[in-house]
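**Student:** Below, each chain spelled out in residue letters.
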Amino acid sequence: MGRCIGCDTCTLSCKQENGTPADVFFARVMNCEVGKFPDVKRVYLPVLCNHCGNPQCVRACPNKAIFKQDDGIVIIDQDRCKGTGACVSACPYGNVFLKKEDSWYLMNNTAYEEHSKSRLEKNVARKCTYCAHRLEDGLKPACVVGCPTTARIFGDADDPTSEVSQFLKEQAKDSGRMPFVLLEDSGCRPTTCYLEPIAKTKTAKLC
Amino acid sequence: MTTLKKVPGKLHGPAKMCGDVKVIRTTDSPNCTGACGWYATVVDGKIIDVKQAADYGNPEYNPRGCLRGAAMPNLIYNPDRIKRPLIRTGKRGEGKWREASWDEALGLIAGKFKTIIERDGPEGILLFNQVVGTSYVQKAAQVRLFALMGASFATAYDFNGDIVMGFTHTVGIDAMECESLNWSFSDHVLLWSSNVLQTRMPDAHFLTRGAKEKNGAKIIYIDPRAAQTAKAADLWVPVKPGTDGALALSMCHVLVQKGLVNLNFLKTYTDAITLIRSDSGKRLRASDIGIGMDDEFVIWDESSKGFSKITNTTLKTDPSVNPAILGEYTARVGNADVGVRPAWELLKANILRDVNSPERAAKITGIAKDEIVQMAVEFARAKSPLSIIGMGLNHRYHGDLAVRSVILLHALVGGFGRKGAGITVYSGQHNFRILTTSYTIPDGKRCNMVPMHYFVMGGPTPTINKKIKFPKAGFKALVVSHGNPLVTEWSSRMKQAIDKLDIFVTIDFLMTPTAEYSDVVLPAATPWEKYDLVGTALHPYLQIQQPVVEPLYESKTELWMARELARRINPELSKYFADDEFGIMELLLKNGGPECQGITLDALKKGPVRLNVPDPDDNCYEQFVHLHPFPPRAYPFEVKQQREFLKTGRMEFYKEEDEFKALGEALPTFKPPFEHLAADEQKYPFAIVTPHSKWRVHSTHSNNTSLLNLNRKPVVEISFKDALEKGINDGDEVELFNKNGSYRLWARVTEMIRPGVLSVDHGWWDRYLADRGHYHSVTVQEKTKPTHENYYLPAVYAPGQLWKDTLVDIRRCS
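Chains A and B, in that order, give the protein sequences. For the first sequence, the residue numbers in this note's numbering are 13 to 219. For the second sequence, the residue numbers in this note's numbering are 330 to 1143.
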């Protein structure tokens, strides 16, 4: 959150990669305004599926269409999903998207969007997969490679040699920042974690 | 893993693409100045994916690119694409068109041009294409055609108000810009209404990660709004709009009072040591006292206790000479004794005037006195202080004074010439990184340069510079290319000026409100459908823009249009357009000057190539490090042309010309932002700021439906306090109005803005406003400042703009 500039490039990179229709944002940035004038702060919170250690969506799905892979990624099987929406209600983070009808950005049915449409199952729940298809090819998720501020550091935090572990260690030392997760009380044990912003915006005294 | 087969990814994993897959490296070149490299994945001739190329030699620049670049395919395949040439059949702006062949459309334009050339002369035909610095080939081809015709050319940079006259007055060049990497070396950053997190997204990490995370820099954000950048700031300074100059001068006041001034810097680099005559207010010339020429200046040497001359050819002085910076001396000029004082005497006295005291400045700016004192002291302590100036400061009638004050602040502490220190501004990709005159000035033929201001105002001002040849019969034809001035600049008055024309042509790839008001619309290829050569001030790499797909529909490149138009206007001109894009690039690289020496087309085809510039590419490097005289060269001009208005070869804080004296602006001074307005313009209670949006580049991407999904409708930000008083709720439809006009949009009530200030993002197309009105209709009337007209060098010394001096009122629509 120190590096994130709230630019939504991750949002667009994700949409490019995953070809999601209008109003579906696997990755997005929450723009938060805190306080009362003049003592205000602006906070940007980039969010995506937390790929929880204890995913509520998995438990909620009546069709056993959602499961956790060995690498920790939570996947919705697009073949098994019947679009009940149970996972949408179960996710405390609002990270699962289910739409009866998809709407698209370009009215004139371009080949550009046709490509995305042809690859999407209709009326099923969808969410961030950490770009599992890219990971298979040894690439990082689209939002990670797209972030112009390298605010997203991707990897296995359980592996002490990974980039993300090294980064967390470095930050704990340099800026004293320790990772935290969203809605810790949810019991979901999210794996997506955050470091708080470095700059603590103060407002100049007014007269 | 069967479950993955329908994960909606595009290129990787088990569901890999089939078909004819190409990955093409290209670059952006819009007026955001980003010039970011992209890889576009093209399958069977259709773009299906874009990713940042992240292939810059210096890994610090990777990845470079923002959401607008990522959303570019939406514009390429947008329903607003112009498919074929259009000729108006109804009234202007009525929206009635017929499609025409290229031959007919170009024939019509050429016919009109020929008539105008024969009847009124070629100067009556005016080209207005957005900043040529973004496109060394395609836009340059248009300039070449107009030069060959002897027609007129107006640069958008000054008409946008992006020209920073405060720089021109002080350092003889319109912008001091460093590569953004340089920010990361700073330990103290002042952002003067520069919302870099929003407007410089690919570079912002040099602040958040570089300056802040690595250096622990203090970041101070000065803006009436806690905009996006407030997020990265340690201190938000919500000044009253248009009072930044007062803040800077009061910080200067503190520095002088506390003795925190670097006199050595002032002596070496500035005009502080030049002697000013008390009789005329002019600088004492060496010729006045018979010790040299009239372009040489005089100092008082403490060592020899006598006058000594300095030249404008170097900043180096004889080590035995010790220039006086204080005192009063008598010079014998002709038969008279004339009192002379070093400029620092005048400057110092000016800074120490009571009006610049923190107490007084507190009242003007709204920022507490103690805070100003602390800001000044911390600034003086910084090792590498950096200021980034935004256009909120500059798009004002007295923006030049504010910028001069910020430069003065840096000069007082010597805050220049070190890694991470200095002042920078990024106000448009006007900056030519290489010399392009080999193509734009064919056989010595040049365009007749006229600032667009005079076109819009309907004629010259009484103070217009005599070098400017306003066509005798007025303008008869206008060609707008790569621009949308009816949205981003003057709407109503520009329409009146357009209504007087014989023909108004727009070249664009989208049907913008400007195109809708045209007589003939020519469909251009998008940036990703043609070749070009691109440079920017923000990073030191030269890049080729490559076509990713073939031009859609019947769209054509600007070079093709120029060639075809030339042939129809005068067959003799055809020979000037024999080269294709590669031929032109070869020519430019060969004649582009030392910056591109050794750079080949083949190297560029492989990826970005670093220009031959210092590392980091700092502003005024030659001056601060090698003591070359100011100004740095402003391509495509010669330094001697800039020397005309920076006679001393030093940073000039004292301007000796009569125009400055007449306005009381010989020295950096604060002038209130709204007092120059007519009484009936001053009575409205709200200042309105119009920041650039993160969803657009000026007005480009207004109609990008991917981005509209995240930014659904135009809003005016209003403080809780003001909203309460006005009975406005969040989401209400409201009207902004003043004597100049009105438009409707929706209210967004927020705590993040200073009461008394409204904010509307710049550049919404008319059709998105609640009443389909004009976003610029309330803007104050155009006027030029005499101190912007006393010299003229296009886009270097030219009139600026005053958009942000607008006052409005707001009401809830029932």
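These are calculated hints, taken from the structure and not from any lab test. Heads up, some of the hints might be wrong.
Unchecked claim - Among chain A residues calculated to face chain B with C-beta under 8 angstroms, some are:
hint	residue
1	PHE49
2	VAL193
3	ALA216
The structure displayed is predicted, hence computed values, not measured ones. We put the beta carbon where it would ideally sit given N, CA and C, even for glycine.
**Student:** Confirm or reject each hint.
**Tutor:** Hints, one by one, checked against the model:
Hint status for A/PHE49 relative to chain B: holds, with the closest Cβ pair at about 5 angstroms, below 8 angstroms. The beta carbon of A/VAL193 is not positioned within 8 angstroms of any beta carbon in chain B (closest approach about 21 angstroms), and the interface hint is therefore violated. Interface restraint check for A/ALA216: the shortest CB-CB distance to chain B comes to about 4 angstroms, inside 8 angstroms, so the restraint holds.
Violation of the numbered hints given earlier is confined to hint 2; every other hint is satisfied by the structure.
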